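Assemble the whole structure, with the sequences as input and the hints as a guide.
Chains A and B, in that order, are what the protein sequence lines are.
Per the UniProt record's numbering, residue 1 is the first one in the first sequence, and the count goes up by one each step.
Per the UniProt record's numbering, residue 1 is the first one in the second sequence, and the count goes up by one each step.
These are calculated hints, taken from the structure and not from any lab test.
Careful, some of the hints might be misleading.
To be verified - A short list of chain A residues far from chain B (calculated; beta carbon distances all over 12 Å):
(1) G36
(2) Q50
(3) L64
(4) E70
(5) A74
(6) D110
(7) G117
(8) A180
Unchecked claim - Covered stretches of chain A (in silico footprint by chain B; criterion: 3 or more residues with CB under 8 Å from a CB of chain B, positions within the stretch not fixed):
(9) 38-45
(10) 91-100
(11) 161-174
Unchecked claim - Selected chain B positions facing chain A (Cβ under 10 Å, derived; list incomplete):
(12) D127
(13) G160
(14) N174
(15) Y182
Just so it is clear, the structure is predicted and the values come from calculations on it, not from any experiment.
Backbone N, C-alpha and C define an ideal beta-carbon position, used for all residues, glycine too.
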Amino acid sequence: MKKRYTLGLLAVLLAGLTLSQPSPFQQRVQQAIQNGGSRFAESMKQDPDQALCSQYRDKLPPELVGAFLERQRALIKYPADGKLMGDWKKGEELFTNPRKGNCYACHTGDPREPGAGRMGPGLVNYGQRGTSEAVVKYTYDKIYNAWATMPCSLMYRAGYHGILTPEETAHVTAFLLDPASPVNAKR
Amino acid sequence: MRNRSLWIGFLLALGLGLSIALTQQQEVDPYKEAERQRELFRQTAGILPGELYAAQGEELFYQKRGPKQASLEACDFGLGPGKLEGALTQLPRYFADTRRVEDLETRIVSCMVRLQGFKPEEIKREDVKALTAYVASKSSEMPINVVPKTSQEIALYNLGRELWYHRAGDRDMNCAICHDAYAGGRVRLSPVRSPRQGLSNEWPAYRFEADKLYTLQDRIAFCYESIGIAAPEFYSEPYIALSIYMLAEATKGKNKFTELPGFTR
Numbered sequence: 001m002k003k004r005y006t007l008g009l010l011a012v013l014l015a016g017l018t019l020s021q022p023s024p025f026q027q028r029v030q031q032a033i034q035n036g037g038s039r040f041a042e043s044m045k046q047d048p049d050q051a052l053c054s055q056y057r058d059k060l061p062p063e064l065v066g067a068f069l070e071r072q073r074a075l076i077k078y079p080a081d082g083k084l085m086g087d088w089k090k091g092e093e094l095f096t097n098p099r100k101g102n103c104y105a106c107h108t109g110d111p112r113e114p115g116a117g118r119m120g121p122g123l124v125n126y127g128q129r130g131t132s133e134a135v136v137k138y139t140y141d142k143i144y145n146a147w148a149t150m151p152c153s154l155m156y157r158a159g160y161h162g163i164l165t166p167e168e169t170a171h172v173t174a175f176l177l178d179p180a181s182p183v184n185a186k187r
Numbered sequence: 001m002r003n004r005s006l007w008i009g010f011l012l013a014l015g016l017g018l019s020i021a022l023t024q025q026q027e028v029d030p031y032k033e034a035e036r037q038r039e040l041f042r043q044t045a046g047i048l049p050g051e052l053y054a055a056q057g058e059e060l061f062y063q064k065r066g067p068k069q070a071s072l073e074a075c076d077f078g079l080g081p082g083k084l085e086g087a088l089t090q091l092p093r094y095f096a097d098t099r100r101v102e103d104l105e106t107r108i109v110s111c112m113v114r115l116q117g118f119k120p121e122e123i124k125r126e127d128v129k130a131l132t133a134y135v136a137s138k139s140s141e142m143p144i145n146v147v148p149k150t151s152q153e154i155a156l157y158n159l160g161r162e163l164w165y166h167r168a169g170d171r172d173m174n175c176a177i178c179h180d181a182y183a184g185g186r187v188r189l190s191p192v193r194s195p196r197q198g199l200s201n202e203w204p205a206y207r208f209e210a211d212k213l214y215t216l217q218d219r220i221a222f223c224y225e226s227i228g229i230a231a232p233e234f235y236s237e238p239y240i241a242l243s244i245y246m247l248a249e250a251t252k253g254k255n256k257f258t259e260l261p262g263f264t265r
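So this is what it looks like as structure tokens:
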């Protein structure tokens, strides 16, 4: 685990290094961003993997995928008590809240929600996969850091960015997997 | 003038009422709804809000204003001084007098500075918006014709494409996610289009949900804010770059402008 982390860190540093010698075009892009004012420039700052996704238009070449996933996996944090499935009711509120998960922007969930987006796969009856350790961990990881399983996914890294804490991620995981959640209600 | 402002105030209040009514219904087709709202305005007021803004802009255009007491009639939007017919269809473009690529809004500002003698910080955003509505109204329903040719235009197009794919912010977003990967789909209830499908062809437009006139810069700012990125300052390069990128792509897709100013949600 430790070793993996240092490896990941090294890779990030390396990516940072290559980026720290920007091409004339990249310098010009930065100049244009600065021209938009300091608040804009501040919020357009990228981490090395955001920059990599932009560079490759969200389609990483296969030879970069392994290291990318490794770096992203190293960023996942788990709740102190080790429980990856929390309270589905709290999860529902987080899933719905536009300032928190905002998951309905792209996914269906509780089928009664009217304005659900379709950019991501539908999640109605997601709990059919059961609650084995592997399914729970896959779901938790996906929500905490979508890029750890899918490089440059359209889905943002809610846990990595602190939009959801590890405990909150566990609640949202429960909203998708708990048999009592409306996502999985018998219909 | 005074009368007109009153009119706008009244219409805007009306608009707000309508949009509140709208949010109470679910699953309405946004395009049909816009059409319905537009008809309501026609019937109750006899005029569309965008037309009022354009009329305001027309007054401003021909008035002698600023330290130099000049009108904007000598302003060259790319087709020659004072030629407004179709002017928006070829913007943004490179201007030799300012030695940069300008969109309609930036061009209006630079003419207000050079011809009327205003200082940039004195120029009111509301005036620029009204003027934008007026000049744009002369390109209503015309084919978009933005083809980057000069090295400066090509450079800005390339910058715009780069910004288009620039993933940033705590939602890891960029424009392409919604407008390319997902074009033809819906974000919540809103249908989204790609630049090739004509994205950006209805601005400036009156948005009845927001109850305001939005220029293309306002609309881009709105998308940035909605993905948690602070919008660029008005008239700055990111807007011009993104606009030339989107409109050049819309040109490749053989798109026309809608009625201008547009009427939309």
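Here is how each hint holds up against the structure:
1. Its closest Cβ contact with chain B, about 3 Å, brings A/G36 to no more than 12 Å, contrary to its assignment away from the interface.
2. Not every CB of chain B is more than 12 Å from the CB of A/Q50 (nearest about 5 Å), against its label as outside the interface.
3. Remark: the non-interface label on A/L64 is consistent with the geometry, its nearest Cβ contact in chain B lying 15 Å away (cut-off 12 Å).
4. No Cβ of chain B comes within 12 Å of the Cβ of A/E70; the nearest lies about 18 Å off, and the non-interface call holds.
5. Every CB of chain B is more than 12 Å from the CB of A/A74 (nearest about 17 Å), matching its label as outside the interface.
6. Listed as a non-interface residue, A/D110 keeps its Cβ farther than 12 Å from every Cβ of chain B; the least gap is roughly 15 Å.
7. Separation of A/G117 from chain B is inadequate, the least Cβ-Cβ distance of about 5 Å not exceeding the 12 Å criterion.
8. Remark: the non-interface label on A/A180 is consistent with the geometry, its nearest Cβ contact in chain B lying 27 Å away (cut-off 12 Å).
9. With a cut-off of 8 Å between beta carbons, the region 38-45 of chain A has 6 residues touching chain B; three or more are needed, and the interface restraint holds.
10. Coverage of the region 91-100 of chain A by chain B is violated [criterion: at least 3 residues with CB-CB distance below 8 Å; count 0].
11. A stretch counts as covered by a chain when three or more of its residues have a beta carbon under 8 Å from one of that chain; for the region 161-174 of chain A and chain B the count is 3, and the coverage holds.
12. At about 21 Å, the closest approach between the beta carbon of B/D127 and any beta carbon in chain A exceeds 10 Å, and the interface hint on this residue is violated.
13. The restraint placing B/G160 at the interface with chain A holds, with a minimum CB-CB distance near 9 Å, inside the 10 Å limit.
14. Interface hint status for B/N174: upheld, as the beta-carbon distance to the closest one in chain A is roughly 7 Å, under 10 Å.
15. For B/Y182, the interface hint holds, since its Cβ comes within 10 Å of a Cβ in chain A; the closest pair sits about 5 Å apart.
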